[in-house]
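K.L.:
Sequence:
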Amino acid sequence: GAYGVICPMINSKAEAEALVGACRYPPRGARSFGPNRALLYGGADYWQHANDEVLVFAMVETREAVKNLDEIVSVEGLDGVYVGPSDLSLSMGKTPTLDPQDPEVLAAIKAICAGTRKRGKIAGVHTDGAKTAIRRFGEGYQLCTILSDARLMANAAAAAVREARGQMAQAGAKTY
Numbered sequence: 001g002a003y004g005v006i007c008p009m010i011n012s013k014a015e016a017e018a019l020v021g022a023c024r025y026p027p028r029g030a031r032s033f034g035p036n037r038a039l040l041y042g043g044a045d046y047w048q049h050a051n052d053e054v055l056v057f058a059m060v061e062t063r064e065a066v067k068n069l070d071e072i073v074s075v076e077g078l079d080g081v082y083v084g085p086s087d088l089s090l091s092m093g094k095t096p097t098l099d100p101q102d103p104e105v106l107a108a109i110k111a112i113c114a115g116t117r118k119r120g121k122i123a124g125v126h127t128d129g130a131k132t133a134i135r136r137f138g139e140g141y142q143l144c145t146i147l148s149d150a151r152l153m154a155n156a157a158a159a160a161v162r163e164a165r166g167q168m169a170q171a172g173a174k175t176y
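Counting with the UniProt record's numbering, you get residues 1 to 176 for the letters of the sequence shown.
Treat the hints as calculated values from the structure; they're not laboratory data. It should be emphasised that the depicted structure is a prediction, and the values quoted were computed from it without experimental measurement. Hints may contain errors.
[To be verified] Calculated lysine-lysine pairs in the DSS-like style (CA-CA distance at most 27 Å, straight line):
1) K131 - K174
2) K67 - K110
3) K118 - K13
4) K110 - K13
5) K131 - K94
6) K131 - K121
7) K110 - K94
8) K121 - K110
9) K67 - K118
10) K67 - K94
11) K67 - K13
12) K110 - K131
13) K13 - K94
14) K13 - K121
15) K118 - K131
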């Protein structure tokens, strides 16, 4: 089984409660027990410790979710929130970006962190790279995704192609 779940578009306490319920075994939730993969990774007693080990994060990425943040983070069993800055920007009528500069969006990102930490939950955010992540850590975020795995691979592939083309050009080779 998974040891962490980040669920998008959680906009209300009821949605956060449904998320937690789907991720926790009874009596703390209603997660079903399909043990094949979970037992391979977690052992025969996986179900006994999964409720304490699986992290559950609600994505806060809309104006509505920001408005309802205190209710969302009050949900027992929710470990934290994770900000989707692009969707948050869009929901506020702004250009989507992983490093928003708009004052309204920045204020929301800071308020999400403060409100989440005030409840003793983990504040997480998606970023566009190390510089933005360092800034967010400085603002109080405890978890930052520096880039998605797809973006990291695309960046590495582009760098490798540039390097190969540069070396081939220096050698005078003709390539396509």
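K.L.:
Could you run down the list of hints and mark each one as holding or not?
P.N.:
Against the structure, the hints:
no. : hint        : in the structure
1   : K131 - K174 : 38 Å, violated
2   : K67 - K110  : 13 Å, holds
3   : K118 - K13  : 17 Å, holds
4   : K110 - K13  : 20 Å, holds
5   : K131 - K94  : 22 Å, holds
6   : K131 - K121 : 24 Å, holds
7   : K110 - K94  : 17 Å, holds
8   : K121 - K110 : 15 Å, holds
9   : K67 - K118  : 16 Å, holds
10  : K67 - K94   : 17 Å, holds
11  : K67 - K13   : 11 Å, holds
12  : K110 - K131 : 17 Å, holds
13  : K13 - K94   : 25 Å, holds
14  : K13 - K121  : 15 Å, holds
15  : K118 - K131 : 25 Å, holds
When the structure is compared with the earlier hints, a violation turns up for hint 1 alone.
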